[in-house]
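Listed below, chain by chain, are the residues.
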Amino acid sequence: MNSIIVTAGARILVALLLVFSVFMLLRGHNLPGGGFIGGLLGATAFIVYAIACGTAEARKALRVSPEGLAMVGLGVALVAGLISALTGDPFFTGQWYWVGGDSYETAAFSINSVLVFDVGVYMVVFGGILSLILMLEEEL
Amino acid sequence: MGEYGAKDARWISMAGMTPVILTGALFVYFCGMVPTIASGGIIRHSIPWIPSLDIALSFYIDGLSLMFSLLITGIGALVMLYSARYLAGHPQFARFALYLFSFMLSMLGLVLADNVLALFVFWELTTFTSYLLIGFSHADPKSRRNALQALLLTAAGGLALLAGFILLGFATGTYELSEINAAGSLASNPLYGPILVLVLLGAFTKSAQVPFHFWLPNAMAAPTPVSAYLHSATMVKGGIYLLARMHPSLSGTDAWIWTLTIFGGVTAVFASLMALRQTDLKQTLAYTTLMALGTLTMFLAGSSGYAITGAMAFLFVHSLYKAALFLSVGIIDHATGTREAGVLGGLAGAMPVTAAAAGLAALSMAGIPPFLGFIAKEVAYSGAVGASLWGFVVLAALAANALMFAVAGIVAFKPFFGPQGKLPHAPHEGPWPMLAGPVILGVLGLAFGILHGLAASWVIEPATNAVLGFTDSGGRVKLWAGFNLALGLSVVTFILGAILYLRHQALRDRLAAIEARGPDFDAGWDRLMAWLVVVAEWQTRLIQTGVLRQYLFATFAVTAVALALPLFWLGALQLDLAMPSVTLREGVVAALIIAGALLAATTGSRITGIAALGVVGIGVALIFIIYGAPDVAITQLLVEMLIVVLIAIAALRMPYLDPTDKGPAFRPRDAALGGVLGVLVALVMLMVTAGPIDRRLTDFFEAASWTEAFGRNIVNVILVDFRTLDTFGEIAVVIVAALGAFALLRSARRDKGEERE
Numbered sequence: 000m001n002s003i004i005v006t007a008g009a010r011i012l013v014a015l016l017l018v019f020s021v022f023m024l025l026r027g028h029n030l031p032g033g034g035f036i037g038g039l040l041g042a043t044a045f046i047v048y049a050i051a052c053g054t055a056e057a058r059k060a061l062r063v064s065p066e067g068l069a070m071v072g073l074g075v076a077l078v079a080g081l082i083s084a085l086t087g088d089p090f091f092t093g094q095w096y097w098v099g100g101d102s103y104e105t106a107a108f109s110i111n112s113v114l115v116f117d118v119g120v121y122m123v124v125f126g127g128i129l130s131l132i133l134m135l136e137e138e139l
Numbered sequence: 000m001g002e003y004g005a006k007d008a009r010w011i012s013m014a015g016m017t018p019v020i021l022t023g024a025l026f027v028y029f030c031g032m033v034p035t036i037a038s039g040g041i042i043r044h045s046i047p048w049i050p051s052l053d054i055a056l057s058f059y060i061d062g063l064s065l066m067f068s069l070l071i072t073g074i075g076a077l078v079m080l081y082s083a084r085y086l087a088g089h090p091q092f093a094r095f096a097l098y099l100f101s102f103m104l105s106m107l108g109l110v111l112a113d114n115v116l117a118l119f120v121f122w123e124l125t126t127f128t129s130y131l132l133i134g135f136s137h138a139d140p141k142s143r144r145n146a147l148q149a150l151l152l153t154a155a156g157g158l159a160l161l162a163g164f165i166l167l168g169f170a171t172g173t174y175e176l177s178e179i180n181a182a183g184s185l186a187s188n189p190l191y192g193p194i195l196v197l198v199l200l201g202a203f204t205k206s207a208q209v210p211f212h213f214w215l216p217n218a219m220a221a222p223t224p225v226s227a228y229l230h231s232a233t234m235v236k237g238g239i240y241l242l243a244r245m246h247p248s249l250s251g252t253d254a255w256i257w258t259l260t261i262f263g264g265v266t267a268v269f270a271s272l273m274a275l276r277q278t279d280l281k282q283t284l285a286y287t288t289l290m291a292l293g294t295l296t297m298f299l300a301g302s303s304g305y306a307i308t309g310a311m312a313f314l315f316v317h318s319l320y321k322a323a324l325f326l327s328v329g330i331i332d333h334a335t336g337t338r339e340a341g342v343l344g345g346l347a348g349a350m351p352v353t354a355a356a357a358g359l360a361a362l363s364m365a366g367i368p369p370f371l372g373f374i375a376k377e378v379a380y381s382g383a384v385g386a387s388l389w390g391f392v393v394l395a396a397l398a399a400n401a402l403m404f405a406v407a408g409i410v411a412f413k414p415f416f417g418p419q420g421k422l423p424h425a426p427h428e429g430p431w432p433m434l435a436g437p438v439i440l441g442v443l444g445l446a447f448g449i450l451h452g453l454a455a456s457w458v459i460e461p462a463t464n465a466v467l468g469f470t471d472s473g474g475r476v477k478l479w480a481g482f483n484l485a486l487g488l489s490v491v492t493f494i495l496g497a498i499l500y501l502r503h504q505a506l507r508d509r510l511a512a513i514e515a516r517g518p519d520f521d522a523g524w525d526r527l528m529a530w531l532v533v534v535a536e537w538q539t540r541l542i543q544t545g546v547l548r549q550y551l552f553a554t555f556a557v558t559a560v561a562l563a564l565p566l567f568w569l570g571a572l573q574l575d576l577a578m579p580s581v582t583l584r585e586g587v588v589a590a591l592i593i594a595g596a597l598l599a600a601t602t603g604s605r606i607t608g609i610a611a612l613g614v615v616g617i618g619v620a621l622i623f624i625i626y627g628a629p630d631v632a633i634t635q636l637l638v639e640m641l642i643v644v645l646i647a648i649a650a651l652r653m654p655y656l657d658p659t660d661k662g663p664a665f666r667p668r669d670a671a672l673g674g675v676l677g678v679l680v681a682l683v684m685l686m687v688t689a690g691p692i693d694r695r696l697t698d699f700f701e702a703a704s705w706t707e708a709f710g711r712n713i714v715n716v717i718l719v720d721f722r723t724l725d726t727f728g729e730i731a732v733v734i735v736a737a738l739g740a741f742a743l744l745r746s747a748r749r750d751k752g753e754e755r756e
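Chains G and D, in that order, are what the protein sequence lines are. Read left to right, the first sequence gives residues 0 to 139 (numbering that gives the first Met the number 0). Read left to right, the second sequence gives residues 0 to 756 (numbering that gives the first Met the number 0).
Hints in this document: simulated from the structure, not taken from any laboratory. Quick caveat, the model's predicted, so the values are computed rather than measured. There's no promise every hint is true.
With beta-carbon atoms standing in for the labels, derived distance ranges [unchecked claim]: (1) E707/D - G100/G: 41 to 51 Å; (2) A681/D - I11/G: 38 to 48 Å; (3) F169/D - Q94/G: 17 to 27 Å; (4) A106/G - L551/D: 47 to 57 Å; (5) E729/D - A106/G: 23 to 33 Å; (6) D88/G - E729/D: 15 to 25 Å; (7) L551/D - I11/G: 33 to 43 Å; (8) A14/G - E707/D: 30 to 40 Å; (9) G100/G - E729/D: 32 to 42 Å; (10) A14/G - L551/D: 32 to 42 Å.
Cβ coordinates follow ideal geometry from the N, Cα and C atoms, glycine included.
Construct the complete structure from the given sequences, taking the supplied hints into account.
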C-alpha cells in the first residue's frame, strides 16, 4: 500500500500505541492492563506499521527478530520464577523489595519479581503474535 | 558380512571391549549368588517406581531367574567378544555393540523382574532392541522387512500379554509374581480362561510356536553373533521363561496341558523336518532352535518332577550347544564365504579348533553319552513317559530327537569331514576371540555331563524347584539311570537318527516338494500387511477429505452430540426460566449481537461476513465491560482486531473467486447444525445461571489480592502471582504455536521457491 497519508499517520499512531502498550503493562497490577494486553497492543503497533510501510520496514524498525524476542521473554519469565529460589520460597513466589520504606504504604516504590514476570509475558505475546502475522503477510 | 573382520583388522576398541567387560563382571556377580540360591535361598530387591499405581521395580532371584541370568551374561560376554572380532572394522560397529548390550540388559531385566508390569516393560524392550539387531544391515530391504515382521508379531503378542497381566492383577490383587505364585493355582478363578489365553499368546509369539513361527527363521537376516545370542540362549527363550515363571499359578488344568502339549509337539516335529530340509547351515540351526522351543513348551505342559527337570536340563544344555554351533557356523562363513551344506566339507584340516568345538557341541546336541545333552534327553524321556498325553509326547520327542541327531551330523560332521565342494575362498582357522565362545561352550557341555552332579545342584535343580513351586526330590540328573524305558528310547533315537542322516539328501528333496504344496505363512504375512495398508488408505480417504467445511461440520456435530447426550439422555437438564429484568443498555447490546450473528449467517459477501462477526465480538466485549471485567474486554477487543487483520491478509491472497457466484444461498444442513448447537449452548448457559454461584474463590481473591500480592487488579494478580505457573505454561504455548506456524510457513516458502527454480 503506497499511500502517503497512511504512512504518515501510521508513524504517529505506532509511537502512540507503543507508549500506550508500555503504559498498560506497567499499570496492570492495580488497574486494567497487564503484560498480555500490553503485548497485544505492542504487536498491533508494529502490524499497523507493517501494513503502512511493508513488512521489511517493520522488521528493520524492530531490529531484533520477533521469534527471538518471544524466546527471550520466556527466559525472563523463568528467571522471575527462579528469583524466589534465592530466599528459599517455592518456585514463582512473588518477591518484593521496598525502596524508601518497609511496606507498601511507606515505600516510594517497589522492585518486584511479579513485574519482571509480566515483562516476560509482554515480550512473549508481543513477539509471538507479531512473528505469526508478519510471516503470514510475507508468505501467503 | 564377509568383508568385515579381515585378518589384520583392529578389533580391540572402547566400544567393543566395554560391553564384554561389563557383561563378564555381571556374570561373575551372578556366579556369586549360586551358593545362596542352590541352598534354597531367594534374593529380593525392590525400588518404588510408580507408587501411586503400586508399581515397584522389584527384582526377584530364584533358581529359574538365576539360571537365565547366568546364561544371558555368560553367553552374552562370549558373543560380545566374538562380535568385536567378527565385525571388526565395520563402520557401525559401535552402534551394534550398543544394541547388543542394551538387549542384554533388557533380557536380564525380563528374567529378574518380580513385578509383572516391570516384566512387561522389559519384555517390550527386548522386542525393540532385537528389532534393531535383526535390522542391523538396514541397507538391505529384506533385512528391514524381517525386522519389522519380528517386531510386529512379538509386539502384538506383548500387548496381549499386557492385557493378561492386568487381568492377573485384578484376579489376584497384586502385581508381584512372587506373591501371585505363592497364592497357588488360579484354576478356580473366573478370570483364569482369559488370563491363560492372553499370556499364552504373548509367550507363543515370543517363542515362535506354530503358527507364529515364521519370524524366527527370517530373523536370521541379522549378523551371526546376533542369531547365536538372540535365537539360542535368550530372546526366544523369553516366552519359555514366562511359561516356566507362571507355571505354579497357571499349570495343572486340562486347558494348560492340552494347549502346551499340542502347540509344542507340533512345533517340535514341524521344525525338525524343516531343519532337515534347509541347505543353509544357519537356517538349519534356526529351525533346530524352533524345535527346541517346541520341545520345551511341550515339557512345560507337565507338572511332574521328571518333566520339569527334563525341560530345565534341556533348556540349559540347548543354550550351551546352540550358541556354540551358531558361532561355529559364523566362523565357517567367515573363513570360507559360504554356509551352503552342499558345498562345505573337509574343513577339519584347515580349521581344527572350530571342528573340535563344533564337534563337542554337536555331540551334546545329538545326545551322546557322557554329554549333558544325553542326560537332558534321558530325563526328558522319563518325563514324557509319565506325561498326561504320553503317547503323543513320546512320539513327538522321539521324532524331534532323531531328527536332531541327523541335523547334528549335517551341521558339525559333514562340513568338517565330508566331501569338499567348490568354496568361494580357501578356509583358514578363525582368530581366538571368535574361537573362545564355541570352545568354552562346547567343553562345558562335556564337563557338565561328566560332573553332572554340579550342574544339577547348582543350576538345574534350583530352577526345577522354582518352576514347580515346591522342593522336588532331586537326584534325577544321572548319567546312568539303569536299564529303563528312557534308555531304550535313546537307543531307538540313535538308530533312527543315523538312518535319517545317511538318507538326508533324498529326504531333503522330498521335504522341499511337500513344503512347496503346504501353506506359506510368510506370503500370508505379506498379504496381511498389504491388506492393512489398503484399509488404512481407505479410511484416510474417508476421514481426511481435505475440505475445511467438512472438518468444521464434523467438529461441531461432535460437540453438539457431546452436549446433547448428558443433557437429555442422562437427564441433567434443569432450567430456571425466571427472567430477571433487562435494562435498556443490556437490551441494546443483545440486539447488536443478534443482528451481527444473523447478518453473518445470511450474507453472501465475505467482507460483510467478517464485519458482521466483528460486530458480534465487540458486542461481547461490551457485555464484559457492563459486568465489570475491563481486562477481559480489552483483550477481547484486541483479539477481534487481530482476527480482522489476519482474515484481511488471507482474503487479499485468496485465489480468484467469481464475484457472481455466491454459492447456494441457503444450506439446510449447516443451518440445522448451527441452530441445534446454538440452542444447546444456550440451554447449558441457562443451567449454569440457574444454580447458585460458588463465591468462595472470588471472595478469597478479593481479600488476598491486596494483602498478599499488593495488587488491586484481581485478574492480573491471579495471572502473575497466584497462578503464575499456569501463565508460564500458557506463554510457552504461545511460543510453541508461533514457532509451529513459523516452521510451516517457512517450509511453504521453500516449496514455492523450489517450484520457481
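Hints and how they fare:
1. Distance hint check for E707/D and G100/G: the Cβ-Cβ separation is about 18 Å, which falls outside the suggested range of 41 to 51 Å.
2. Checked against the hint of 38 to 48 Å, the C-beta distance between A681/D and I11/G comes to roughly 45 Å, which is consistent with it.
3. Under the hint 17 to 27 Å, the C-beta atoms of F169/D and Q94/G, about 50 Å apart, miss the expected range.
4. For the pair A106/G and L551/D, the beta carbons lie near 54 Å from each other, so the given range of 47 to 57 Å is met.
5. Remark: the range hint 23 to 33 Å for E729/D to A106/G is upheld by a beta-carbon distance near 31 Å.
6. For the hinted restraint 15 to 25 Å between D88/G and E729/D, the CB-CB distance of approximately 22 Å keeps it satisfied.
7. One distance hint, 33 to 43 Å for the beta-carbon pair L551/D and I11/G, holds here, with the actual separation near 41 Å.
8. Checking the proposed 30 to 40 Å range against A14/G and E707/D shows it holds: the Cβ atoms sit about 38 Å from each other.
9. Between G100/G and E729/D the Cβ separation comes to about 34 Å, which falls inside the hinted range of 32 to 42 Å.
10. Our hint of 32 to 42 Å for A14/G and L551/D holds, since their Cβ atoms are close to 41 Å apart.
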